[in-house]
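Here are the chains, one letter per residue:
4 protein chains.
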Amino acid sequence: MLSKSRIEGLSDGVFSITMTLLVLKLEVPMVMHHSTNADMLDQLLELGPAFATYVVTFLIAGGFWFLHHLTFHFIRQVNGLLLWVNLLFLMFVSLLPFSAGLMSHLLVHPVSQFFYIGNQLAIALLLNAHWLYAKRRDLLDSAAPSQISRLTLRIAMAVAVFAISMIVAFFLPAWSWVPLPVFLLGGTIYEWRGRYKIQ
Amino acid sequence: MLSKSRIEGLSDGVFSITMTLLVLKLEVPMVMHHSTNADMLDQLLELGPAFATYVVTFLIAGGFWFLHHLTFHFIRQVNGLLLWVNLLFLMFVSLLPFSAGLMSHLLVHPVSQFFYIGNQLAIALLLNAHWLYAKRRDLLDSAAPSQISRLTLRIAMAVAVFAISMIVAFFLPAWSWVPLPVFLLGGTIYEWRGRYKIQ
Amino acid sequence: MLSKSRIEGLSDGVFSITMTLLVLKLEVPMVMHHSTNADMLDQLLELGPAFATYVVTFLIAGGFWFLHHLTFHFIRQVNGLLLWVNLLFLMFVSLLPFSAGLMSHLLVHPVSQFFYIGNQLAIALLLNAHWLYAKRRDLLDSAAPSQISRLTLRIAMAVAVFAISMIVAFFLPAWSWVPLPVFLLGGTIYEWRGRYKIQ
Amino acid sequence: MLSKSRIEGLSDGVFSITMTLLVLKLEVPMVMHHSTNADMLDQLLELGPAFATYVVTFLIAGGFWFLHHLTFHFIRQVNGLLLWVNLLFLMFVSLLPFSAGLMSHLLVHPVSQFFYIGNQLAIALLLNAHWLYAKRRDLLDSAAPSQISRLTLRIAMAVAVFAISMIVAFFLPAWSWVPLPVFLLGGTIYEWRGRYKIQ
Numbered sequence: 001m002l003s004k005s006r007i008e009g010l011s012d013g014v015f016s017i018t019m020t021l022l023v024l025k026l027e028v029p030m031v032m033h034h035s036t037n038a039d040m041l042d043q044l045l046e047l048g049p050a051f052a053t054y055v056v057t058f059l060i061a062g063g064f065w066f067l068h069h070l071t072f073h074f075i076r077q078v079n080g081l082l083l084w085v086n087l088l089f090l091m092f093v094s095l096l097p098f099s100a101g102l103m104s105h106l107l108v109h110p111v112s113q114f115f116y117i118g119n120q121l122a123i124a125l126l127l128n129a130h131w132l133y134a135k136r137r138d139l140l141d142s143a144a145p146s147q148i149s150r151l152t153l154r155i156a157m158a159v160a161v162f163a164i165s166m167i168v169a170f171f172l173p174a175w176s177w178v179p180l181p182v183f184l185l186g187g188t189i190y191e192w193r194g195r196y197k198i199q
Numbered sequence: 001m002l003s004k005s006r007i008e009g010l011s012d013g014v015f016s017i018t019m020t021l022l023v024l025k026l027e028v029p030m031v032m033h034h035s036t037n038a039d040m041l042d043q044l045l046e047l048g049p050a051f052a053t054y055v056v057t058f059l060i061a062g063g064f065w066f067l068h069h070l071t072f073h074f075i076r077q078v079n080g081l082l083l084w085v086n087l088l089f090l091m092f093v094s095l096l097p098f099s100a101g102l103m104s105h106l107l108v109h110p111v112s113q114f115f116y117i118g119n120q121l122a123i124a125l126l127l128n129a130h131w132l133y134a135k136r137r138d139l140l141d142s143a144a145p146s147q148i149s150r151l152t153l154r155i156a157m158a159v160a161v162f163a164i165s166m167i168v169a170f171f172l173p174a175w176s177w178v179p180l181p182v183f184l185l186g187g188t189i190y191e192w193r194g195r196y197k198i199q
Numbered sequence: 001m002l003s004k005s006r007i008e009g010l011s012d013g014v015f016s017i018t019m020t021l022l023v024l025k026l027e028v029p030m031v032m033h034h035s036t037n038a039d040m041l042d043q044l045l046e047l048g049p050a051f052a053t054y055v056v057t058f059l060i061a062g063g064f065w066f067l068h069h070l071t072f073h074f075i076r077q078v079n080g081l082l083l084w085v086n087l088l089f090l091m092f093v094s095l096l097p098f099s100a101g102l103m104s105h106l107l108v109h110p111v112s113q114f115f116y117i118g119n120q121l122a123i124a125l126l127l128n129a130h131w132l133y134a135k136r137r138d139l140l141d142s143a144a145p146s147q148i149s150r151l152t153l154r155i156a157m158a159v160a161v162f163a164i165s166m167i168v169a170f171f172l173p174a175w176s177w178v179p180l181p182v183f184l185l186g187g188t189i190y191e192w193r194g195r196y197k198i199q
Numbered sequence: 001m002l003s004k005s006r007i008e009g010l011s012d013g014v015f016s017i018t019m020t021l022l023v024l025k026l027e028v029p030m031v032m033h034h035s036t037n038a039d040m041l042d043q044l045l046e047l048g049p050a051f052a053t054y055v056v057t058f059l060i061a062g063g064f065w066f067l068h069h070l071t072f073h074f075i076r077q078v079n080g081l082l083l084w085v086n087l088l089f090l091m092f093v094s095l096l097p098f099s100a101g102l103m104s105h106l107l108v109h110p111v112s113q114f115f116y117i118g119n120q121l122a123i124a125l126l127l128n129a130h131w132l133y134a135k136r137r138d139l140l141d142s143a144a145p146s147q148i149s150r151l152t153l154r155i156a157m158a159v160a161v162f163a164i165s166m167i168v169a170f171f172l173p174a175w176s177w178v179p180l181p182v183f184l185l186g187g188t189i190y191e192w193r194g195r196y197k198i199q
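Residue numbers (the numbering used here), protein chains in the order written: chain A, 1 to 199; chain B, 1 to 199; chain C, 1 to 199; chain D, 1 to 199.
With the rest of the complex left out, here is chain A:
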């Protein structure tokens, strides 16, 4: 009954605003005209953790946007429940500037890590719920079963990577950033090998 174009519009809006609001957590250093270059560079370097958080959060959000985009490529129809799962998903997406702000100050603090990674895990879990529900209730355009199972795997991997990061953050806070690039690299290698086998 519901058209999917406005849900896509709202989602693109929330994603683009969230990704752009992240920049407001980078506070412009208050410097004077007589500051030396060395002073200013020092102040910019102190923003290092905030910049790292900005880049990582922007790219993770971009990745979730990409996966969300792909799910709607296959979703033919939307019902009320799917729409509400989407709103919850967007609620956690738009919480990211807060979580990123917490992380910017305290890159390796267990509490900020739990909050930040927990936020990403909630996004991944809701994206997964949205996708599995759409699959089960037969709301998909079933033209491309192999692409659909590949997307199912990718979303499940997003859940796995943040669940593992959460466990790592519990024991070794300084290592919690390792699972994400490892999975991305592994996934890329796996897909490249798959392509060469087929050809």
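If you are wondering where the hints come from, they were derived from the structure by calculation, not from laboratory data.
Hints may be right or wrong, so weigh each one.
When chains are identical, the list treats them as one kind, so a pair holds in a single copy or across two.
Simulated pairs of lysine to any residue, SDA-like, Cα-Cα distance not exceeding 25 Å [stated by the list, open to error]:
#, residue 1, residue 2
1, K4, V55
2, K4, E191
3, K4, L70
4, K135, S149
5, K4, L184
6, K4, V78
7, K135, P145
8, K4, W192
9, K135, F72
10, K25, F66
11, K135, E191
12, K4, T188
13, K25, V85
14, K25, E191
On the provided structure of chain A, position chains B, C and D as indicated by the hints.
Just chains B, C and D now, with coordinates in the frame of chain A:
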């Protein structure tokens, strides 16, 4: 004469920005590297009322977006007056971050409750006016009369729930949040019973 | 050569964000749990000028969005120069939160009035330039000449009203808000009379 | 496999939000009711560098939006890698309010100039990479080869102008703004001469 696609575009924009700006009312606690986990958790717990307001406001706004979306599903044509009612509706939607900010500080204060619930009531009343005007001026695509009367009922319920909340807030500020979940639960049960009868 | 849909998309984005950012100029009063109702109401009443500016600016921006929307209803084609006039137009639209912030503090100060009304005048002038250029370069869909001349008149009126407000602000700052409602009322009466004559 | 409409939607969102957030770097002067006109004008004039940065950054961002818009006019298809180059491009676009904030305070300081011009150079380089990749991988609609080579030249010029500005900023910070208008003027003259020759 007017196309409805750009009004939908402006509305989706205002809704997505408002919903995302709510997060700016959650101030990141200023903590130090030597803060203990217990300190940080305490500070996050102090944000409890602000988080509750964030979640509730995001979901109510999502609900209004959903109802607004449904009205435009049936509206075939737009005239100048309908457009201005919509702009007033969007003006109260975009006031939500202010009302939510007031509520975040003082969850059970009568004045912040009146302001917040009054804001939601104004949104509901303008949505109702927009819908009734479109119906009366025959701007609807009248293909589905039963769905149209169901939507009329739903929007009237949104008005009722916030009007009742306002009255409750006057006598018992701490109970003003009760009408909304009661109505949602009642509505859901009613619709489920309706479905089973039909089948 | 250029499609108009993305220019409409960018414009709707800038308008909806600007209109929503206006709310950030309403500072939530910092009150305590033990504030009395009278204290809080006092603080909200002190925000009176800021609220008035919010409402007026939101509605004027809505009016410009509406006129801009109407121009694109008739524009068939876009060229490079038209696009740049549009970008300048959007630059002054997105300056509105600053002008409104200035006005919020000092409702009848000559300098804030000049800045605010000057901003609105610049928007009106650029909208006029955009429309006249599109007309002269034959970029319009000329199906409805009477509607086109009516729109030309309306946009010229927007320029006139803010030019007159500017002059009034120079001599009588407290009266600078009078021309706008007078023109709106006059225009509405004129159009109603026109309709009854035709029928 | 991927549709280009949602990437355009996300891009338009990021551009319009970034361009509108620039205004938040213009701090409204805190003045009193008894401030004289001269006082207020002084305070507005002190915002001069911030206004100059606002105007220049808004227009440069508008220029990049325009070039990005033109590239998607010719791009027929999108693949995963192109999408990620776009996300990186958008990441640097949404960093502009920070760079502009740095510049607002210190217009001729070498460090803020390097940061600001470096940001613009990164945007230009990623736009160039996005375009050359799309060309090489045959993702373009090759109907208009002369327009495509003209766009290739324009994007290369954007890279050149910010690379030269960077070098100028190193030796003569106060002159780093010269290359941009010189290139724009030169390009406009070149295109006008080209038109007259053809006709």
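Taking the hints in turn, this is what the structure says about them:
1. Taking the closest pair of Cα atoms, K4 and V55 come within 25 Å of each other only across two copies (24 Å); inside a single copy the shortest separation is 30 Å, beyond that limit.
2. Taking the closest pair of Cα atoms, K4 and E191 come within 25 Å of each other only across two copies (23 Å); inside a single copy the shortest separation is 30 Å, beyond that limit.
3. For a Cα distance limit of 25 Å, the shortest separation of K4 from L70 qualifies both inside one copy, at 13 Å, and across copies, at 12 Å.
4. For the identical chains of this complex, K135 and S149 are intra-copy neighbours only, at 10 Å inside a copy versus 31 Å across copies, given an alpha-carbon limit of 25 Å.
5. Taking the closest pair of Cα atoms, K4 and L184 come within 25 Å of each other only across two copies (24 Å); inside a single copy the shortest separation is 30 Å, beyond that limit.
6. Taking identical chains as interchangeable, the C-alpha atoms of K4 and V78 lie at most 25 Å apart whether they share a chain (6 Å) or sit on different chains (21 Å).
7. Taking the shortest alpha-carbon separations for K135 and P145, only the intra-copy value of 11 Å comes in at or below 25 Å, while the best inter-copy value is 31 Å.
8. In the homo-oligomer, the alpha carbons of K4 and W192 lie at most 25 Å apart only across protomers (24 Å), although the nearest pairing inside one protomer, at 33 Å, exceeds that limit.
9. In this assembly of identical chains, the alpha carbons of K135 and F72 lie at most 25 Å apart only when taken from the same copy (12 Å versus 27 Å across copies).
10. Proximity of K25 to F66 under the C-alpha cut-off of 25 Å is restricted to the intra-copy arrangement: shortest distance 24 Å within a copy versus 28 Å between copies.
11. In this assembly of identical chains, K135 and E191 lie within 25 Å of each other by CA distance both inside one copy and across copies; the values are 23 Å within and 24 Å between.
12. With identical chains, the CA atoms of K4 and T188 are at most 25 Å apart between copies only, with a shortest distance of 23 Å across copies and 30 Å within one.
13. For a Cα distance limit of 25 Å, the shortest separation of K25 from V85 across copies, 24 Å, qualifies, whereas the shortest one inside one copy, 28 Å, does not.
14. In this homomeric assembly, K25 and E191 never come within 25 Å of each other (Cα to Cα): the closest approach is 36 Å inside a single copy and 42 Å across copies.
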